Amino acid sequence: MSKYSYLNRVRVEVEQLKVGMYVGELDKPWEQSPFLFQGFTIEDELTLSKLRKECSHVFVDFKDEHEYENHLLETEQSAESDFAIDSSLSEELPKALKVIRESARELKLLMRKIQRGDNIQLSEIEILVENCLESLHRNNRALVILCNIKHKIFYAAEHPLRVAIFAMAFAKHLKMSEQQLAVMGASAMLHDVGKFAIPERVLNKTEALTKQEKLMLKRHPIQSYKMLDQVVGVTEAVKEVALSHHERVDGKGYPRNIPNERVSRFAKIVSIIDTYDAVTSDRPHKEGKSPSYAFKILNNYKGSKFDEFLVSEFIKWMGVMPVGSLVEMATGEVGIVLKNSKRQKLRPKVLLVTDERKKLGFEKVVDLSQMDLHASGRVYQVKSVLPNASFGINIEHYLDSQSFDSPKWLNPGT
1105 MSKYSYLNRV RVEVEQLKVG MYVGELDKPW EQSPFLFQGF TIEDELTLSK LRKECSHVFV
1165 DFKDEHEYEN HLLETEQSAE SDFAIDSSLS EELPKALKVI RESARELKLL MRKIQRGDNI
1225 QLSEIEILVE NCLESLHRNN RALVILCNIK HKIFYAAEHP LRVAIFAMAF AKHLKMSEQQ
1285 LAVMGASAML HDVGKFAIPE RVLNKTEALT KQEKLMLKRH PIQSYKMLDQ VVGVTEAVKE
1345 VALSHHERVD GKGYPRNIPN ERVSRFAKIV SIIDTYDAVT SDRPHKEGKS PSYAFKILNN
1405 YKGSKFDEFL VSEFIKWMGV MPVGSLVEMA TGEVGIVLKN SKRQKLRPKV LLVTDERKKL
1465 GFEKVVDLSQ MDLHASGRVY QVKSVLPNAS FGINIEHYLD SQSFDSPKWL NPGT
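Per this note's numbering, residue 1105 is the first one in the sequence shown, and the count goes up by one each step.
Honestly, the hints are just simulated from the structure, not real lab data. Any given hint might turn out to be false.
[Said to hold, decoys possible] Pair by pair, the computed Cβ-Cβ distance ranges are:
1) Arg-1209 x Arg-1482: 42 to 48 Å
2) Glu-1304 x Glu-1282: 33 to 39 Å
3) Arg-1482 x Leu-1152: 50 to 56 Å
4) Leu-1321 x Asn-1498: 26 to 32 Å
5) Gly-1124 x Glu-1317: 49 to 55 Å
6) Gly-1481 x Tyr-1126: 25 to 31 Å
7) Val-1123 x Leu-1321: 49 to 55 Å
8) Asn-1364 x Glu-1135: 31 to 37 Å
9) Lys-1449 x Arg-1220: 45 to 51 Å
Predicted, not measured: the structure shown is a model, and the values here were computed from it. Cβ atoms here follow ideal geometry from the backbone N, Cα and C, with glycine treated the same way.
Generate the whole structure from the sequences, applying the supplied hints.
If you want it as structure tokens, here you go:
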């Protein structure tokens, strides 16, 4: 069995089971099932039939990455199924907004404690992870939308939280188990803790860094690894992500220049999302770019810097026009992507927030998949995906909790 835990206990619906798969866990206690062994290989159609009769899903252990990736490709789900719908977007956004604000505040305090040398419990991080996961399980879109609200001044504090939320939501798409989702979240939240030991004058520097300052930044994975020893209960899986998220597929990353097979799947996921969020965020020395620009970078370096399969899956999961991103319509209006469909990638549901002349104050929801029409009679089409805050649009203004008292555009069906 591979040393990488993401291959173990992968949730698989019984309709997707095949002869030859190894069932490591059921959706019920073993003693409540007719199976004699706690863990077995599906040998024949009769066993397969019994499983489908007894369970709605099971947890499979895959023997290697190839088998796991083939399973994902063969059982590929629509984008809608990746977004949980236990609660509507209108119900979940206020809750998610509270989760992300409180989590950002608490995470910053915990990072400062670690920086000072204070001992903290991993369970303190796990509480934040659990809160985020509960929201993602209720409605995956809410937190993803909110992760597109970015503030240059708070980048260092909010970046690890956004990376964690994106990583957990993406890991759900990859069908990781609940335990693996928790490890993914904690690892991503703590992956850059070493940066809090770097002087703010370096982190927030707007001009080019000196050679010494670049070396200081390149040491942050090692610093993170050492600082995480102060976290009581921290696991090697979490520490490994902090140490290895800048390692690369071609073995030319840092700080250890280790080969691809020595980097965990968790670290590979964080490296991709860390890059995506950095590129699309306003930072002290650089303005954020559009999601499509970030996707271009990831595509250009897949197979050399980033895992090829994971990059392709990430872009496919996020969508050409990620939920929460700004788009400009062919008719001139600018809007926020509320929902997208894998079947019609270029036809999302959009909240228009400007008129054709880019004047704010105009609000209208249009569903491009339904061929909604502009007043001119033209079918709405997206012209381009825009960087965050383009044309002075503050997404938070439209998603702030105060606006939910009498929502004009957000309804239970959205």
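Verification of the supplied hints:
{"no.": "1", "hint": "Arg-1209 x Arg-1482: 42 to 48 Å", "in the structure": "holds, 45 Å"}
{"no.": "2", "hint": "Glu-1304 x Glu-1282: 33 to 39 Å", "in the structure": "holds, 37 Å"}
{"no.": "3", "hint": "Arg-1482 x Leu-1152: 50 to 56 Å", "in the structure": "holds, 52 Å"}
{"no.": "4", "hint": "Leu-1321 x Asn-1498: 26 to 32 Å", "in the structure": "holds, 30 Å"}
{"no.": "5", "hint": "Gly-1124 x Glu-1317: 49 to 55 Å", "in the structure": "holds, 54 Å"}
{"no.": "6", "hint": "Gly-1481 x Tyr-1126: 25 to 31 Å", "in the structure": "violated, 58 Å"}
{"no.": "7", "hint": "Val-1123 x Leu-1321: 49 to 55 Å", "in the structure": "holds, 51 Å"}
{"no.": "8", "hint": "Asn-1364 x Glu-1135: 31 to 37 Å", "in the structure": "violated, 42 Å"}
{"no.": "9", "hint": "Lys-1449 x Arg-1220: 45 to 51 Å", "in the structure": "holds, 47 Å"}
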